[in-house]
Amino acid sequence: MLYKRGLVKPARAFFLFGPRGVGKTTWIRQNFKNAYMIDLLPSRVNLEYLKNPMLLEQEVNAQPRTKWVVLDEIQKVPSLLDEIHNLMENHNHKLFVLSGSSARKIRRGGANLLAGRAVIRHLFPLTSKELNFSVPIEQLITYGSLPASINASTNFERDDFLTSYIETYLREEIKEEGLVRRLDSFARFMDIAALAGAQTTNIAGIARDSGVNRNSVRGFFNILEDTLIGHWLPSYRKRAKIKEVSHPKFYWFDAGILRVASGGAKEPLESDWKGKALETWLFHELSAYIHYSGAGGTLSYWRTPSGSEVDFVWQKGNKIVAIEVKASKHYNHKFGTGLRSLEEGIKLTQQWLVYMGEKSLKDGNIHITPALQFVKLLAQGEIIY
Numbered sequence: 595m596l597y598k599r600g601l602v603k604p605a606r607a608f609f610l611f612g613p614r615g616v617g618k619t620t621w622i623r624q625n626f627k628n629a630y631m632i633d634l635l636p637s638r639v640n641l642e643y644l645k646n647p648m649l650l651e652q653e654v655n656a657q658p659r660t661k662w663v664v665l666d667e668i669q670k671v672p673s674l675l676d677e678i679h680n681l682m683e684n685h686n687h688k689l690f691v692l693s694g695s696s697a698r699k700i701r702r703g704g705a706n707l708l709a710g711r712a713v714i715r716h717l718f719p720l721t722s723k724e725l726n727f728s729v730p731i732e733q734l735i736t737y738g739s740l741p742a743s744i745n746a747s748t749n750f751e752r753d754d755f756l757t758s759y760i761e762t763y764l765r766e767e768i769k770e771e772g773l774v775r776r777l778d779s780f781a782r783f784m785d786i787a788a789l790a791g792a793q794t795t796n797i798a799g800i801a802r803d804s805g806v807n808r809n810s811v812r813g814f815f816n817i818l819e820d821t822l823i824g825h826w827l828p829s830y831r832k833r834a835k836i837k838e839v840s841h842p843k844f845y846w847f848d849a850g851i852l853r854v855a856s857g858g859a860k861e862p863l864e865s866d867w868k869g870k871a872l873e874t875w876l877f878h879e880l881s882a883y884i885h886y887s888g889a890g891g892t893l894s895y896w897r898t899p900s901g902s903e904v905d906f907v908w909q910k911g912n913k914i915v916a917i918e919v920k921a922s923k924h925y926n927h928k929f930g931t932g933l934r935s936l937e938e939g940i941k942l943t944q945q946w947l948v949y950m951g952e953k954s955l956k957d958g959n960i961h962i963t964p965a966l967q968f969v970k971l972l973a974q975g976e977i978i979y
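Going by my numbering, the sequence shown opens with residue 595, and the numbers climb by one from there.
To be clear, the hints were calculated from the coordinates, so they are not data collected in a lab.
Here the structure is a predicted model, which is why all the values come from computation and not from measurement.
Virtual Cβ for every residue (Gly too), placed ideally from N, Cα, C.
There may be inaccurate statements among the hints.
Below, computed lysine-lysine pairings styled on DSS-like, alpha-carbon distance capped at 30 Å [to be verified]:
1) 769 x 645
2) 923 x 868
3) 598 x 645
4) 910 x 645
5) 970 x 928
6) 970 x 860
7) 598 x 970
8) 603 x 868
9) 910 x 603
10) 860 x 913
11) 598 x 661
12) 832 x 688
13) 923 x 941
14) 970 x 910
15) 970 x 953
16) 645 x 723
17) 928 x 941
18) 956 x 910
19) 910 x 832
20) 769 x 598
21) 645 x 661
22) 910 x 928
23) 627 x 598
24) 661 x 627
25) 769 x 723
26) 868 x 598
27) 699 x 661
28) 913 x 928
29) 723 x 923
30) 832 x 860
Pair by pair, the computed Cβ-Cβ distance ranges are [unchecked claim]:
31) 819 x 941: 29 to 35 Å
32) 660 x 732: 43 to 49 Å
33) 954 x 887: 19 to 25 Å
34) 646 x 794: 45 to 51 Å
35) 976 x 733: 44 to 50 Å
36) 887 x 623: 22 to 28 Å
37) 732 x 631: 37 to 43 Å
38) 866 x 749: 32 to 38 Å
39) 628 x 826: 37 to 43 Å
Could you build all of it, start to finish, from the sequences and the hints given here?
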């Protein structure tokens, strides 16, 4: 099934990053139907360009300068960036789409050569808007929003796909690319890192629980980030009189992947997993909206050592929007404690509490909103603008 994605086609050369399976190739084929396509995923193809990078120059020069050239899975042959740089500078070929599921090898391969010549775009798992708000929130936070999961007929098929996704990631992205010396250590780290998802990251604790040293844990998190499996959310530091927690949180890119990586496909998870999953899903919705809409600003979280916390704080200039997330179906006044604490010394533009209930409520300055209604308002530009 094809979906109308929120990503707008750029008018100039660009990198398109996104984890495996989010639909990059499908989006490219929808938006660049007449482009000259080079798929670098097959071994015979990427080996050909590894042996002879100048082959790209000959192929591209045979195309009109008005024709887009697509290189899919560019991280397979990062040395081609030198050829692309040459084509842009000396042959006036400016229209390139460079897609990949890993930024790691591209950065090491010299993507800085294209600085200023190619913008960066990201494709996320499907958003609620792209799904026409038709998929239940419970499904999205349990099985995620990767196209293959959405299109599966049964929950068993969804779990089967998600389990296979993680196994393929470990085998092809990590082992075959030689990113770690010991795959078993990385696999143990992934298990613990998933259980610690959507929480303030404790490197020492993860190192202890996974049996991996701290430096390796830091390196493993860098690998997860570089291969687009997750993203850091920094802490919000605004209030001079209050000491705030400075450690970032790590969010996995998809709630379904988070659950299965935590072991949820094999046995029930602890009761707090739904809260983590709801936060992970909303982080994805917020990040995708900010990127696709061009809203800009910064997204962070706020927490004090005493435990006061707000899950998401978006700021752009004087606009500050605070968002708390609760997996409960019933609102409790104490849910707004973090929002009220943050408001004590900062002028907040909006305060939202997103929950799994069905009624929209108001508690002082806090808008209590069902999750589905919140993402509809987000898509309409009512939350972040």
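So, going through the hints one by one against the coordinates:
1. For a cut-off of 30 Å, the pair hint linking residue 769 to residue 645 stands: about 23 Å separates their Cα positions.
2. With a C-alpha separation of about 12 Å, the suggested pairing of residue 923 with residue 868 holds against the 30 Å cut-off.
3. Between residue 598 and residue 645 the alpha-carbon distance is near 38 Å, which puts this suggested pair outside the 30 Å criterion.
4. Taking the CA atoms of residue 910 and residue 645, the gap is about 47 Å. The hint is violated against a cut of 30 Å.
5. For the given pair, residue 970 sits about 25 Å from residue 928 by alpha-carbon distance, which is consistent with the 30 Å threshold.
6. Proposed proximity of residue 970 and residue 860 is contradicted: the alpha carbons are some 33 Å apart, above 30 Å.
7. At most 30 Å may separate the alpha-carbon atoms for a hinted pair to count; residue 598 and residue 970 meet this at roughly 16 Å.
8. With a C-alpha separation of about 35 Å, the suggested pair residue 603 and residue 868 falls outside the 30 Å cut-off, and the hint is violated.
9. This hinted pair checks out: residue 910 and residue 603 have alpha carbons roughly 25 Å apart, not beyond 30 Å.
10. At most 30 Å may separate the alpha-carbon atoms for a hinted pair to count; residue 860 and residue 913 exceed this at roughly 44 Å.
11. For the suggested pair residue 598 and residue 661, the alpha carbons sit about 23 Å apart, so the restraint of at most 30 Å is met.
12. For the proposed pair residue 832 and residue 688, the alpha carbon gap of about 42 Å is over 30 Å, so the pair is violated.
13. Note on residue 923 and residue 941: the hinted pairing holds, with a Cα-Cα distance of about 29 Å set against a maximum of 30 Å.
14. Distance hint between residue 970 and residue 910 is fulfilled; the C-alpha atoms sit about 21 Å from each other, no more than 30 Å.
15. Taking the CA atoms of residue 970 and residue 953, the gap is near 15 Å; set against the 30 Å cutoff, the hint holds.
16. Between residue 645 and residue 723, the direct Cα distance comes to roughly 44 Å. Violation of the 30 Å bound is thereby established for this hinted pair.
17. The straight-line distance between the Cα atoms of residue 928 and residue 941 is roughly 21 Å, inside the 30 Å bound, and the hint therefore holds.
18. With a CA separation close to 24 Å, the supplied pair residue 956 and residue 910 stays within the 30 Å bound.
19. Distance check on the hinted pair: residue 910 and residue 832 sit about 13 Å apart at the alpha-carbon level, within 30 Å; holds.
20. Only pairs whose Cα atoms come within 30 Å are accepted, and residue 769 paired with residue 598 is rejected, the gap being roughly 34 Å.
21. A hinted pair counts as satisfied when its Cα atoms are at most 30 Å apart, and residue 645 with residue 661 qualifies at roughly 26 Å.
22. At roughly 28 Å between alpha-carbon atoms, residue 910 and residue 928 fall within 30 Å of each other, so this suggested pair holds.
23. Between residue 627 and residue 598, the direct Cα distance comes to roughly 15 Å. Compliance with the 30 Å bound is thereby established for this hinted pair.
24. Distance hint between residue 661 and residue 627 is fulfilled; the C-alpha atoms sit about 11 Å from each other, no more than 30 Å.
25. As the CA atoms of residue 769 and residue 723 are separated by approximately 36 Å, the hinted pair breaks the 30 Å bound.
26. Among the hinted pairs, residue 868 with residue 598 is consistent with the structure: their alpha-carbon atoms are about 28 Å apart, no more than 30 Å.
27. Restraint check for residue 699 and residue 661: satisfied, since their Cα atoms lie roughly 27 Å apart, inside the 30 Å limit.
28. Pair hint residue 913 plus residue 928 holds up; C-alpha atoms about 25 Å apart against a cutoff of 30 Å.
29. For the hint linking residue 723 to residue 923, the alpha-carbon distance of about 22 Å falls within 30 Å, and the restraint holds.
30. For the proposed pair residue 832 and residue 860, the alpha carbon gap of about 42 Å is over 30 Å, so the pair is violated.
31. Between residue 819 and residue 941 the beta carbons are some 33 Å apart, a value that agrees with the proposed interval 29 to 35 Å.
32. Between residue 660 and residue 732 the beta carbon distance is about 48 Å. The supplied range of 43 to 49 Å therefore holds.
33. Hint check: residue 954 to residue 887, Cβ distance near 23 Å, so the stated range 19 to 25 Å holds.
34. Taking 45 to 51 Å as the suggested C-beta distance range, the pair residue 646 and residue 794 conforms, at roughly 49 Å.
35. As the Cβ distance of residue 976 to residue 733 is approximately 24 Å, the hint placing it in 44 to 50 Å is violated.
36. Taking the beta carbon of each, residue 887 and residue 623 are about 24 Å apart, inside 22 to 28 Å as hinted.
37. For residue 732 paired with residue 631, a C-beta distance near 39 Å keeps the hint of 37 to 43 Å intact.
38. Checked against the hint of 32 to 38 Å, the pair residue 866 and residue 749 fails, with Cβ atoms roughly 21 Å apart.
39. A hinted range of 37 to 43 Å holds for the C-beta pair residue 628 and residue 826, which are about 38 Å apart.
Of the hints listed earlier, those the structure fails to meet are numbers 3, 4, 6, 8, 10, 12, 16, 20, 25, 30, 35, 38, in rising order.
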